[in-house]
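> Just need the whole structure built from these sequences, with the hints factored in.
The listed protein sequences correspond, in order, to chains A and B.
Counted the way the numbering used here counts, the first sequence spans residues 1 to 522.
Counted the way the numbering used here counts, the second sequence spans residues 523 to 953.
Because the hints were derived from the structure by calculation, they are not lab data.
Here a beta-carbon is modelled for each residue, glycine too, at the ideal position from N, C-alpha and C.
Any given hint could turn out to be false.
Which chain A residues face chain B? A few, computed with CB under 8 Å, are given here [to be verified]: (1) Ala67; (2) Asp223; (3) Pro232; (4) Gln234; (5) Glu242; (6) Gln254; (7) Leu420; (8) Thr421; (9) Pro426; (10) Trp432; (11) Phe436; (12) Leu437; (13) Asn441; (14) Leu488; (15) Glu508; (16) Ser515.
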Amino acid sequence: MSEDVAVTSRGEVTPDDRSRRQALFAGLAALTALVAPSAAGAQGRVRVPVGPTERTPRHPTTPLKPALVDPAATWLTPELRLARRVTMGLNDAEAVRARQMGYSAYLDYQLDAESIDDSVTDSYVAASWPTTTQDASTLFSANAGTVQTELTLASVFRAAFSARQLKERMVEFWSDHFNIYYPKVAYLKVIDDREVIRANALTTFPQLLRATAHSPAMLVYLDQSSSRKGAPNQNYAREIMELHTLGVNGGYTQTDVAELSRVLTGWTIAARGAAFTFDPNLHDFGAKTVLGVTIPAAATSVGAAAVNEGEQMLTLLVNHPSTATFIAAKMLQYFLRYDPSPGQIAAVAAVYANTGGDIKAMMRAVLSPENLLAAPAKFKRPYHFILSAVRALSPVVTPAGAAAINAQVNVAGQAMFNWLTPDGYPDTAQYWAGNFLPRWNAAASLANANSATSILFNVAPWMTPATTANVVAQIDRYVFAGEMPPRLRDELSAYIGANPSSAARVREAVGLAMSSSSFQYY
Amino acid sequence: MDQHDLDCACREYRDLSRRHFIQGTAGAALLAAFRPDWLPRVVVADSANSTRDVIVNIFMRGGADSLSLVAPFADTNYYAGRPTLAIPRPDATVAGKGTALDNTFMFSPGMLGLYPAYQAAQLAVVHGAGLTYNSRSHFDAQRYIERGKAADTSVTTGWIGRHLAASTPARAGAVLRALAISSGLPNSFDGAPNALPISDPTNFQISGSAATGAAREAFLTADFFLDLEPARSSALGVTATLNLLRSLNLASYKPSNGAVYPASSFGRAMRSAAAMIKSDVGVEAIEVDIGGWDTHVAEDPKAGSLFKTMSDFSGSIGAFWADVMQGNGSFSVTLVAMSEFGRNVRENGNAGTDHGRGGAMFVMGRSVNGGKVYTNSWKPLARENLADGQDVPVTIDHRDILAEIVQKRLSNPNIGAIFPGYTPTNYNIAT
Numbered sequence: 001m002s003e004d005v006a007v008t009s010r011g012e013v014t015p016d017d018r019s020r021r022q023a024l025f026a027g028l029a030a031l032t033a034l035v036a037p038s039a040a041g042a043q044g045r046v047r048v049p050v051g052p053t054e055r056t057p058r059h060p061t062t063p064l065k066p067a068l069v070d071p072a073a074t075w076l077t078p079e080l081r082l083a084r085r086v087t088m089g090l091n092d093a094e095a096v097r098a099r100q101m102g103y104s105a106y107l108d109y110q111l112d113a114e115s116i117d118d119s120v121t122d123s124y125v126a127a128s129w130p131t132t133t134q135d136a137s138t139l140f141s142a143n144a145g146t147v148q149t150e151l152t153l154a155s156v157f158r159a160a161f162s163a164r165q166l167k168e169r170m171v172e173f174w175s176d177h178f179n180i181y182y183p184k185v186a187y188l189k190v191i192d193d194r195e196v197i198r199a200n201a202l203t204t205f206p207q208l209l210r211a212t213a214h215s216p217a218m219l220v221y222l223d224q225s226s227s228r229k230g231a232p233n234q235n236y237a238r239e240i241m242e243l244h245t246l247g248v249n250g251g252y253t254q255t256d257v258a259e260l261s262r263v264l265t266g267w268t269i270a271a272r273g274a275a276f277t278f279d280p281n282l283h284d285f286g287a288k289t290v291l292g293v294t295i296p297a298a299a300t301s302v303g304a305a306a307v308n309e310g311e312q313m314l315t316l317l318v319n320h321p322s323t324a325t326f327i328a329a330k331m332l333q334y335f336l337r338y339d340p341s342p343g344q345i346a347a348v349a350a351v352y353a354n355t356g357g358d359i360k361a362m363m364r365a366v367l368s369p370e371n372l373l374a375a376p377a378k379f380k381r382p383y384h385f386i387l388s389a390v391r392a393l394s395p396v397v398t399p400a401g402a403a404a405i406n407a408q409v410n411v412a413g414q415a416m417f418n419w420l421t422p423d424g425y426p427d428t429a430q431y432w433a434g435n436f437l438p439r440w441n442a443a444a445s446l447a448n449a450n451s452a453t454s455i456l457f458n459v460a461p462w463m464t465p466a467t468t469a470n471v472v473a474q475i476d477r478y479v480f481a482g483e484m485p486p487r488l489r490d491e492l493s494a495y496i497g498a499n500p501s502s503a504a505r506v507r508e509a510v511g512l513a514m515s516s517s518s519f520q521y522y
Numbered sequence: 523m524d525q526h527d528l529d530c531a532c533r534e535y536r537d538l539s540r541r542h543f544i545q546g547t548a549g550a551a552l553l554a555a556f557r558p559d560w561l562p563r564v565v566v567a568d569s570a571n572s573t574r575d576v577i578v579n580i581f582m583r584g585g586a587d588s589l590s591l592v593a594p595f596a597d598t599n600y601y602a603g604r605p606t607l608a609i610p611r612p613d614a615t616v617a618g619k620g621t622a623l624d625n626t627f628m629f630s631p632g633m634l635g636l637y638p639a640y641q642a643a644q645l646a647v648v649h650g651a652g653l654t655y656n657s658r659s660h661f662d663a664q665r666y667i668e669r670g671k672a673a674d675t676s677v678t679t680g681w682i683g684r685h686l687a688a689s690t691p692a693r694a695g696a697v698l699r700a701l702a703i704s705s706g707l708p709n710s711f712d713g714a715p716n717a718l719p720i721s722d723p724t725n726f727q728i729s730g731s732a733a734t735g736a737a738r739e740a741f742l743t744a745d746f747f748l749d750l751e752p753a754r755s756s757a758l759g760v761t762a763t764l765n766l767l768r769s770l771n772l773a774s775y776k777p778s779n780g781a782v783y784p785a786s787s788f789g790r791a792m793r794s795a796a797a798m799i800k801s802d803v804g805v806e807a808i809e810v811d812i813g814g815w816d817t818h819v820a821e822d823p824k825a826g827s828l829f830k831t832m833s834d835f836s837g838s839i840g841a842f843w844a845d846v847m848q849g850n851g852s853f854s855v856t857l858v859a860m861s862e863f864g865r866n867v868r869e870n871g872n873a874g875t876d877h878g879r880g881g882a883m884f885v886m887g888r889s890v891n892g893g894k895v896y897t898n899s900w901k902p903l904a905r906e907n908l909a910d911g912q913d914v915p916v917t918i919d920h921r922d923i924l925a926e927i928v929q930k931r932l933s934n935p936n937i938g939a940i941f942p943g944y945t946p947t948n949y950n951i952a953t
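This is how it looks when you write it as structure tokens:
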């Protein structure tokens with residue numbers, strides 16, 4: 001522990017970092033300005049000349065003011081930069097694919113998830129965790145613990161090994177946006193994950209929003225299923241506007257919350273909880289006004305057709321300009337940068353408005369080369385980090401191995417379907433950056449994994465031939481897709497030293513590479 | 523202090539000693555440790571900021587139903603608005619009745635874990651407190667409270683973060699000044715130097731071969747030395763804290779004064795908080811959060827959902843009070859607990875309550891003017907007295923209470939920097 005650490009505060013260096021980063025990426029963007037989408041050419045290739053990447057002296061001149069290194073300073077290949085954003089982490093095969101296809105073809109490939117053959121993963125998941133494919137009435141009678149475990153492990157396994165990696169990132173995004181706390185809804189989340197989130201992850205936002213509004217899991221999670229006329233429950237009515245569509249500053253009032261909760265009375269679930277149903281006996285047929293739109297009083301004889309009042313409100317919400325802006329900003333923050341500009345938000349919101357909320361079209365706008373090549377690296381959340389380490393190693397993982405990976409995710413603080421409140425897990429570096437120890441321990445544990453019945457990471461190819469230079473080169477290839485920072489290369493060479501033929505030492509070096517600063521970002 | 527007390531202190535401290543840690547660098551403190559007083563206080567007394575308390579900040583996430591925690595039993599409106607939820611009066615002859623705090627308010631049965639501290643005048647209750655900015659969003663309300671200012675995007679750090687950033691460390695060179703017992707850093711700590719979230723301080727070790735542990739820690743310390751913030755400070759803080767916690771033995775910590783912490787995650791976290799405070803390694807702020815307060819449905823404060831949450835809350839903090847604030851070995855600590863808002867006065871159709879406004883705060887410590895419920899213009903809960911006709915109005919800004927703690931107990935007079943643009947009212951809740 002050096003003295004300087006204790007006296008260096010966050011506040012002192014952050015502004016410097018930001019301008020340093022912006023300068024770097026402004027330069028990168030300028031280099032690539034000529035190959036923005038329209039001019040990208042038939043191949044869709046975007047190339048950046050390789051140049052010096054280490055912008056800072058290796059040894060800081062004064063320990064109190066170290067020159068900080070941008071984690072993405074060596075990420076000069078645009079399609080790899082893209083692949084880092086739309087996957088749970090690069091591995092050798094994905095890096096090769098992205099390089100061969102080039103930027104826009106690779107983005108097309110990942111967006112067209114239905115065309116990617118994922119049958120190997122599908123079959124393995126169905127065979128290993130069969131409850132994930134079962135219907136609600138079967139799940140109702142199944143062992144509750146088994147059902148939760150199987151959904152969780154299937155999700156971890158898919159995230160790590162599905163060929164449809166962009167879709168897995170979208171599933172992660174929507175699972176937070178439409179967060180549901182599993183212990184409150186139990187097996188209903190299995191149906192929600194399969195038929196709402198995964199089925200609509202790459203369709204349109206209105207379709208997805210309608211699916212969640214009819215999802216028994218969501219209606220139970222936010223207490224809508226027990227709301228009734230006279231004393232409506234406001235929980236879902238609030239969150240559908242605050243968190244799902246308009247955003248907290250989207251222009252609704254407490255009166256709108258109360259009125260929408262009256263409109264939604266009767267939206268509930270059938271007996272045994274498996275299906276959406278509208279119960280006119282619970283519905284408030286009086287006149288309501290939401291966001292300036294009045295629903296006139298109706299006779300109770302309208303009966304089940306009064307569900308259309310709520311459907312009309314969903315249409316109002318998905319067509320509201322605040323929703324376009326809110327969803328655009330959130331997608332930008334998740335896939336591009338923590339601080340998208342008003343112009344970037346407006347551009348993606350315009351795509352929402354022009355395409356009826358087409359998620360793929362919005363993703364193309366978010367991930368345009370001029371956007372992405374100017375974007376600073378983002379800090380991986382624990383789930384993303386651990387999966388990226390798994391992917392880098394491409395190990396053989398059994399169901400027991402998936403459980404071991406999931407246990408690491410839990411320890412790191414991002415247990416799946418286990419965030420209590422409807423805002424979903426935070427996505428800020430500030431929140432997660434202090435929690436390094438579980439990351440380092442997960443990286444070390446994965447690199448040491450050598451069990452055919454759990455996780456089998458075969459280190460032999462990484463040390464053939466067993467020279468220090470080759471081991472470092474293999475780590476560079478598998479973990480960093482050939483874009484390892486030179487400083488880390490030196491550090492790893494020194495750590496391996498004279499022991500490149502020691503599997504234990506090489507595994508430790510792999511673990512350290514995945515624990516290093518640059519592997520924390522994407 | 524007699525020999526018996528000295529023996530007690532030493533015995534309790536045998537497995538949880540900071541002495542080893544300071545041995546190499548602070549020989550004088552080591553000598554001081556053998557003075558006949560509670561060991562850690564001696565060391566604090568030697569530092570430049572000896573009067574400063576450790577602040578323990580508890581955030582009750584979800585909007586705690588303050589009218590179930592601290593119920594106004596003298597108000598018929600309370601009983602009228604809550605036909606299924608109201609707690610029976612202290613003078614009722616039924617089970618599950620409340621315990622009077624004064625002539626107006628009572629603890630419900632789930633809160634009794636805090637009653638000894640209240641009786642000892644070391645716990646103050648504040649009612650009708652909260653965010654004056656009208657937000658019923660959990661997330662905005664929490665963030666605004668933790669930031670110390672509502673709806674101002676220019677305020678990007680937390681109130682405790684700003685306090686620590688503006689204060690000289692209570693212990694020079696402390697590697698860990700702010701500890702959140704969680705997986706992520708709470709907003710209130712944003713901007714704090716030497717702040718870390720640690721979900722379980724009793725099990726904080728680097729995995730893998732013990733033989734290479736030191737070398738790998740050195741590798742990571744060097745590697746992250748040039749990383750960007752906030753990762754750089756955090757990673758370096760983690761390697762330093764690995765060293766620090768190795769020098770302690772938190773896993774074998776034994777509470778004092780017969781305190782028994784509930785076997786819940788909140789109870790374990792409060793126990794870890796006590797251990798960190800007693801190890802006296804320079805931790806000045808600890809945050810522990812407790813969720814489960816968002817009781818829209820089947821709230822049941824008498825025996826069900828909310829009763830269990832309250833029991834966990836009051837039992838854990840009650841144990842912390844006995845352990846840390848009682849007896850000759852007590853520590854200079856102020857604890858404050860609050861939620862983002864209270865809930866509607868009238869229950870909803872699901873035997874639950876929806877998001878409201880004014881809530882309750884709890885302030886605990888040996889220098890707190892406790893045994894009292896603090897209110898400001900509290901009125902009967904008739905509709906005409908309620909905010910928006912439905913809620914306890916916010917008549918005490920949470921910053922009034924926090925600012926007094928910052929000034930008096932954290933010895934930081936610079937309130938303008940901690941709560942920008944706010945001039946607090948003094949309720950004389952602490953000395």
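> Run every hint past the structure and note whether it holds.
Evaluated hints:
| no. | hint | result |
| --- | --- | --- |
| 1 | Ala67 | holds (7 Å) |
| 2 | Asp223 | holds (4 Å) |
| 3 | Pro232 | holds (7 Å) |
| 4 | Gln234 | holds (5 Å) |
| 5 | Glu242 | holds (5 Å) |
| 6 | Gln254 | holds (6 Å) |
| 7 | Leu420 | holds (5 Å) |
| 8 | Thr421 | holds (6 Å) |
| 9 | Pro426 | holds (6 Å) |
| 10 | Trp432 | holds (6 Å) |
| 11 | Phe436 | holds (5 Å) |
| 12 | Leu437 | holds (5 Å) |
| 13 | Asn441 | holds (4 Å) |
| 14 | Leu488 | holds (7 Å) |
| 15 | Glu508 | holds (6 Å) |
| 16 | Ser515 | holds (6 Å) |
When each numbered hint is compared with the structure, no violation occurs for any of them.
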